[in-house]
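Each chain is listed here by its residues.
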Amino acid sequence: SQQGEEDPQALSIQEGENATMNCSYKTSINNLQWYRQNSGRGLVHLILIRSNEREKHSGRLRVTLDTSKKSSSLLITASRAADTASYFCATDPQGAQKLVFGQGTRLTINP
Amino acid sequence: DTEVTQTPKHLVMGMTNKKSLKCEQHMGHRAMYWYKQKAKKPPELMFVYSYEKLSINESVPSRFSPECPNSSLLNLHLHALQPEDSALYLCASSQEAGRETQYFGPGTRLLVL
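The listed protein sequences derive, respectively, from chains L and S. Okay, so the first sequence: first residue is 4 according to our numbering, each after it adds one. Okay, so the second sequence: first residue is 4 according to our numbering, each after it adds one.
Extracted from the complex, chain L is given alone in its bound form:
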């Protein structure tokens, strides 16, 4: 069963704008990760945030985690056409030796 829910399901913005995607999950976790997938390709790991962290940055990416609300957000600043992809959050339910992926957000950056 999928634990993560993401919104919006699809997002279309102009190049240069910021894109924000949200992820909610149901059970206690150790970490939350974000992955990107270009059409029909494998997933690429973007960032991992631990349950005791509230915010993390990597280049143009900013991730926040609110464990009290069981939610996370991914912000991509100054978007580029190359950011067009699907973005998935993934959680590791405590005690499980696996990741559970959210439904994903399809991001389109218009030139």
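Watch out, some of these pointers could steer you wrong.
Unchecked claim - Okay, the calculated beta carbon distance ranges per label pair:
| # | chain 1 | residue 1 | chain 2 | residue 2 | range |
| --- | --- | --- | --- | --- | --- |
| 1 | L | G62 | S | T8 | 21 to 29 Å |
| 2 | S | S58 | L | I16 | 35 to 43 Å |
| 3 | S | E99 | L | H60 | 34 to 42 Å |
| 4 | L | G19 | S | K44 | 45 to 53 Å |
| 5 | S | H80 | L | A81 | 26 to 34 Å |
| 6 | S | K21 | L | S71 | 24 to 32 Å |
| 7 | L | N41 | S | H80 | 47 to 55 Å |
What the hints assert, rightly or not - List time: in silico SDA-like cross-link candidates among lysine to any residue, alpha-carbon distance up to 20 Å:
| # | chain 1 | residue 1 | chain 2 | residue 2 |
| --- | --- | --- | --- | --- |
| 8 | L | K101 | S | K39 |
| 9 | S | K43 | L | S31 |
| 10 | S | K22 | S | C71 |
| 11 | S | K39 | L | S42 |
| 12 | L | K101 | S | E61 |
| 13 | S | K44 | L | E8 |
| 14 | L | K101 | S | K22 |
| 15 | L | K101 | L | S31 |
| 16 | L | K101 | S | I59 |
| 17 | S | K44 | L | S42 |
Treat the hints as calculated values from the structure; they're not laboratory data. None of the values given here were measured: they were computed from a predicted structure. Here a beta-carbon is modelled for each residue, glycine too, at the ideal position from N, C-alpha and C.
We have chain L; now place chain S onto it with these hints.
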């Protein structure tokens, strides 16, 4: 080397065929995974191998048979598949099973006729 390779890239097979998907990593990772992904859906976990032993089987039909010959290789043997098994099959690896960052291969696009 942070690459996971998968072969073949594309595969078309009939419902009576037997074929195998292959996955390889040389990062010294001790966990390897098979996922199935349908269009516009997230990856669905099928199997997890930890230290070359099957640790998770997510109730996958027996027409899918995983094999881990050594710590670098992971195979998925396919037999008597159904058209609904057509999907992108992704292999991934991580240092240990579970919470670690996973590195994904490019996938095998499978079409069952």
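Check whether the Cα positions of K43/S and S31/L lie no farther apart than 20 Å.
Violated: K43/S and S31/L sit about 27 Å apart, past 20 Å.
State, for the Cβ atoms of K21/S and S71/L, whether the hinted interval 24 to 32 Å holds or is violated.
violated (51 Å)
Is it true that the C-beta distance of G62/L to T8/S lies inside 21 to 29 Å, as the hint says?
holds (27 Å)
Distance restraint evaluation - E99/S, H60/L, Cβ atoms, bounds 34 to 42 Å:
Between E99/S and H60/L, where Cβ atoms are some 26 Å apart, the hint is violated.
Should the hint that S58/S and I16/L are 35 to 43 Å apart at their CB atoms be regarded as holding?
With a Cβ separation near 41 Å, S58/S and I16/L satisfy 35 to 43 Å, so the hint holds.
Does K22/S pair with C71/S here, judged by a C-alpha cut-off of 20 Å?
The given pair, whose Cα atoms are some 16 Å apart, holds under the 20 Å limit.
Given the hint of 45 to 53 Å, check if G19/L and K44/S actually sit that far apart at their C-beta atoms.
violated (30 Å)
Given the hint that K101/L pairs with K39/S, test it: the Cα-Cα distance must not exceed 20 Å.
OK: K101/L and K39/S at ~14 Å, within 20 Å.
Under the criterion that the straight-line Cα-Cα distance not exceed 20 Å, is the pair K101/L, K22/S satisfied?
violated (27 Å)
Could you grab the alpha-carbon distance between K101/L and S31/L and see if it respects the 20 Å cut-off?
This hinted pair holds, its Cα atoms lying about 14 Å apart.
Can the restraint linking K44/S and S42/L be considered satisfied, given a maximum Cα separation of 20 Å?
Given pair K44/S, S42/L holds - Cα atoms ~12 Å apart, limit 20 Å.
Lying within 47 to 55 Å: is that true of the beta-carbon distance N41/L to H80/S?
Violated, at about 28 Å.
Going down the numbered hints, you'll see the structure goes against 3, 4, 5, 6, 7, 9, 14, while the others check out.
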